[in-house]
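Colleague: Chains as they are written, first to last, in the working numbering: chain Y, 454 to 690; chain W, 454 to 690.
Just so you know, the hints here were simulated from the structure itself, not pulled from any lab data. Keep in mind that a hint or two might mislead.
Which copy? The list can't say, so a pair holds if one copy fits it or any two copies do.
[What the hints assert, rightly or not] Derived EDC-like pairs: lysine to aspartate or glutamate, alpha-carbon spacing no greater than 20 Å straight-line: (1) LYS594 <-> GLU488; (2) LYS594 <-> ASP500; (3) LYS594 <-> GLU643.
Number of protein chains: 2
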Amino acid sequence: VAYALFYWPEIQGRGEFVRLALEYASAAYRDVSREDGGTEMARLLRDADTPAFAPPFLRADGHLIGQTANILLYLGRHHATLAPRDEAARLWLHQVQLTIADLVQEVHDTHHPVGSGLYYEDQRPEAVRRAADFRAHRLPKFFGWFERLLAAHGDDAWLLGDTPSYGDLSLFQIVAGLRYGFPRAMRRLERRHRHLHRLHDRVAALPSIAAYLDSPRRIAFNQDGIFRHYDELDDPG
Amino acid sequence: VAYALFYWPEIQGRGEFVRLALEYASAAYRDVSREDGGTEMARLLRDADTPAFAPPFLRADGHLIGQTANILLYLGRHHATLAPRDEAARLWLHQVQLTIADLVQEVHDTHHPVGSGLYYEDQRPEAVRRAADFRAHRLPKFFGWFERLLAAHGDDAWLLGDTPSYGDLSLFQIVAGLRYGFPRAMRRLERRHRHLHRLHDRVAALPSIAAYLDSPRRIAFNQDGIFRHYDELDDPG
Chain Y
454 VAYALFYWPE
464 IQGRGEFVRL
474 ALEYASAAYR
484 DVSREDGGTE
494 MARLLRDADT
504 PAFAPPFLRA
514 DGHLIGQTAN
524 ILLYLGRHHA
534 TLAPRDEAAR
544 LWLHQVQLTI
554 ADLVQEVHDT
564 HHPVGSGLYY
574 EDQRPEAVRR
584 AADFRAHRLP
594 KFFGWFERLL
604 AAHGDDAWLL
614 GDTPSYGDLS
624 LFQIVAGLRY
634 GFPRAMRRLE
644 RRHRHLHRLH
654 DRVAALPSIA
664 AYLDSPRRIA
674 FNQDGIFRHY
684 DELDDPG
Chain W
454 VAYALFYWPE
464 IQGRGEFVRL
474 ALEYASAAYR
484 DVSREDGGTE
494 MARLLRDADT
504 PAFAPPFLRA
514 DGHLIGQTAN
524 ILLYLGRHHA
534 TLAPRDEAAR
544 LWLHQVQLTI
554 ADLVQEVHDT
564 HHPVGSGLYY
574 EDQRPEAVRR
584 AADFRAHRLP
594 KFFGWFERLL
604 AAHGDDAWLL
614 GDTPSYGDLS
624 LFQIVAGLRY
634 GFPRAMRRLE
644 RRHRHLHRLH
654 DRVAALPSIA
664 AYLDSPRRIA
674 FNQDGIFRHY
684 DELDDPG
């Protein structure tokens with residue numbers, strides 16, 4: 454049975470973490486809103502018995518599953534390529550994914566520090582301050598933590614050791630998105646987090662991921678997503 | 454075997470969602486930092502093989518488990534009083550908990566919209582703007598969603614229907630914290646979310662929770678936690 458993914462059709466956003474996992478697992482799925490413009494997603498948000506608070510959500514086996522990390526937890530239980538079988542390792546992987554989700558929220562808030570319903574232009578001074586704090590303190594803290602986890606397994610290892618998991622796919626997306634959004638800050642940080650930056654390149658070279666990135670299914674980064682490029686939010690040029 | 458909880462010893466914060474679950478399950482646990490001032494917590498954050506990015510984390514059965522919602526997911530698997538056995542219901546409960554975690558982050562950001570390392574006084578104008586957006590848009594959106602979930606089961610039901618779960622305990626904590634932080638906004642919203650407000654009172658009356666709230670183990674709300682009261686961030690008086 455094919456999965457049905459519900460997410461905004463014009464951005465990578467949080468849905469991209471799910472798309473990468475589905476693609477890596479070679480799972481059959483429909484990206485429903487890209488077919489119908491969002492009609493069924495809106496209906497399910499309004500009428501479902503277990504409505505998501507916000508997209509993305511996945512229809513699987515008759516259930517609706519929301520919250521990005523929760524969707525990945527579910528997919529990890531059903532696809533051996535995405536997560537280990539061992540329960541303690543699965544919980545640890547989920548913990549890392551939840552920390553990635555926290556980082557994603559902080560990235561979002563660099564350009565929307567006052568309100569997600571307001572335009573960027575209406576919160577630009579606050580964004581400049583928040584982004585400076587993010588580049589100086591939060592980004593190095595998150596990256597230092599990821600780097601420590603990766604380095605513990607030696608060179609050319611994955612997040613959990615020998616085998617890729619959905620967590621590696623998500624770390625790829627984090628690096629790719631931040632390179633788009635904060636190219637100068639990312640170049641500044643690159644040498645300090647070489648395992649993380651190498652992981653990005655190694656994930657991009659996995660055959661199923663390389664094929665996906667090269668396909669029309671991969672939406673390009675743009676100024677409506679979570680990762681956005683505003684020059685004044687990056688390191689001074 | 455007793456659990457060991459690691460969290461900041463002087464605030465409720467995110468640790469309180471875990472404390473409430475441990476108390477409701479009548480689980481044996483040590484609140485370690487309240488005994489040693491945080492020494493072992495600092496050591497584990499620095500030296501553990503699977504370090505948490507931030508407190509709270511729980512030591513259980515030799516493993517360290519971080520991220521509040523992940524800890525509750527784990528406890529729900531080991532205590533029948535906290536979560537249902539059915540896998541789909543457990544995932545749904547976890548999804549709700551992750552949405553509560555998102556709200557908690559937004560509450561935090563009302564008083565720290567620029568950076569968690571800065572004093573409130575150094576980000577007050579930004580906080581006033583963000584809190585106004587929170588009261589006008591975000592809080593009603595989250596509360597409307599919780600209310601819809603509760604109302605679907607009729608009066609005097611719990612989040613999942615007939616039996617309390619850790620999600621109900623967390624919703625209690627949300628209402629209690631927001632009543633402390635935003636008393637005027639909460640009074641304004643009370644009539645629109647009567648199931649949610651009644652749920653708060655019903656959780657507070659559960660015997661094990663009532664005993665906990667009355668004990669010295671319950672730290673009082675204060676101006677160092679997630680839920681803080683700054684008069685200028687609440688509805689105009």
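Colleague: Confirm or reject each hint.
Modeller: Hint by hint, here is what the structure shows:
Taking the shortest alpha-carbon separations for LYS594 and GLU488, neither the intra-copy value of 39 Å nor the inter-copy value of 28 Å comes in at or below 20 Å. In this assembly of identical chains, the alpha carbons of LYS594 and ASP500 lie at most 20 Å apart only when taken from different copies (16 Å versus 40 Å within one copy). In this homomeric assembly, LYS594 and GLU643 come within 20 Å of each other (Cα to Cα) only inside a single copy, at 14 Å, whereas the closest approach across copies is 39 Å.
Violated hint: 1 only; the structure is consistent with all others.
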